[in-house]
Amino acid sequence: MIRTLKTMVLGVVLAVTALTIPDSEVQPADMALVDLPRARGVDLSPDVIWIMAVGSDARAGQSILHSRGDALQLIGINTRTGAATVIGIPRDSWVNLPGRGSAKINEATISGGPRLMAKAVSGLVGIEADYAFMTGFGGFERLVNSIGGITVRSRFSFSDPNLRPRGFRAGKIKLDGRGAHAFSRIRKSLPGGDFDRSANQQRTLRGIQARIRGNAHRPGFIEGGVLSVMRNLHTNLTPARLYELAQAVAQVDPRKLTTCVIPGGTGYVGAASVVFPSRSTARRYGSDARRDATLRRC
Amino acid sequence: MRTPRTCWRGYAGSLLVIALVLSGCSGDDKNDKSDDKPTPTPTPTAEAPAPVAVDARIGVVRGRLRSKQRTPLVKDVAKVVDDWFEAAYLAGSYPRRDFGAAFPGFTAGAARQAKGDRKFMSNAGIGTRIDGAEARAKVVRVDVLAGNKLPAAVTARFRLVFRTSGEYQRRITIDGRLFLTRGKERRWRIFGYDVTKGVEK
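Quick mapping for you: the protein sequence lines, in order, are chains A and B. The opening residue of the first sequence carries number 67 in this note's numbering; numbering runs sequentially from there. The opening residue of the second sequence carries number 10 in this note's numbering; numbering runs sequentially from there.
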């Protein structure tokens, strides 16, 4: 029995070897080498586009456009090179809201909607987004479910008694919409608090991009994803423009995807716990990535 | 954005890829009326084959699109794709050096990128070593994103098989996806691509 098994395994190994390792000296007549070069390209104007992704904490019946933006990521995509970058902004960052004075950045949407939020981000990083995507809890979960869930690499093992009592383990984990939501939202049990949460949101975005890229070849996948975006995210873009952006996302090379979270110190303004972001670092990120959507270092 | 890459596979691998592409030409939405059965590739013969027509059909439709809108859409998209097949690979006087007009129907930016990938996106790499290119199969499946009951964007999954003659005699398969939206003049234009090229003796 064992001998038979060994023979079978050996046969399979030899067969696979024969198919994958060409021999320049001896080439069986019933085999041929086939090269499969590949070319990819997407034309969007401008070549580098910036998207402000905002996860709103709007509850049922509240407008996601004018509720607090609790997850805030600035995403750049270079459609010529396939590079992309994500700059995370801690939600409690104490910044100047143009025309309204200093406040937490997540309050910008309450008083001025996504437009004021984009201006606040621009004031901090030096890049004004071309597009804003806003989503609430339910919309985000449905979006992740619509693409079949995602896989992330968690740096920590952590949990939350309300959002995820059984917790997340460190390492590679598969998440459905609800899990991705919890993974992106839990803060208190992370050693770096708001900063680590922002990094987890970037891991979630990386997982979403990988899922899109890995399935883009499936007939109707991108089209279905765009329909889901239209249903679950607030956007004023046309379906055609959303499709173009989706194809650009699908062509991002994961090896060229760089992520950083703006660092800073924590403290209080009155009774409010806030983050004082490193403005010089935020500006450096902006200068570094503005032209090519690539961060050289965090 | 260009990420040309080369990998090597056995002949069995190439058959698998072609089978996958063909199976990928099937709609996966039960509500769709796509009839996507793979079209067998004609067996090459010694005689010159008859001109090959494009086998174009609707693929997967996401969003609502009336049946009567589908036929003209497929026809329009297939025309754009076939124009590229002809300009980039099949037509022209071989031996041929000039591939400057190989990308009709592409946006200016996509054409610029395709020129950078011209060895894959056209016969630019072999044009001087062949004296002809004859189509063996042209297959196009049109996946549709519909918004407000109108086609907003399409993915054209395609496969072009042709055989070259002259110094460089090969059976070449170009397959992949083209991404199209409508331009200002309402014509479908190719703004992106993901294309694979296979060469067999």
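For the record, the hints were derived by calculation from the structure and aren't laboratory data. Check the hints yourself; a few may be wrong.
[As the list claims (entries may be wrong)] Covered stretches of chain B, as calculated for chain A (at least 3 residues, CB under 8 Å):
1. 91 to 105
2. 122 to 133
3. 138 to 144
4. 162 to 168
5. 180 to 190
If you're wondering where the values come from, they're calculated on a predicted model, not measured in any experiment. Heads up, the beta-carbon is just placed ideally off N, CA and C, and yes, glycines get one too.
Quick rundown of the hints versus the structure:
1. Judged by the Cβ-Cβ criterion of 8 Å, the segment 91 to 105 of chain B is not covered by chain A as claimed, because only 0 of its residues qualify and three are needed.
2. Check result for the segment 122 to 133 of chain B against chain A: holds, 7 residues qualifying (beta carbon to beta carbon below 8 Å, three or more required).
3. Interface restraint, the segment 138 to 144 of chain B with chain A: violated (0 residues with C-beta to C-beta distance below 8 Å; minimum three).
4. Beta-carbon proximity to chain A at under 8 Å applies to 3 residues in the segment 162 to 168 of chain B; the threshold of 3 is reached and the given coverage holds.
5. For the segment 180 to 190 of chain B, the assignment as covered by chain A holds, since 4 residues bring a beta-carbon within under 8 Å of that chain's beta-carbons and 3 suffice.
Of the numbered hints stated above, those contradicted by the structure are hints 1 and 3, listed in ascending order.
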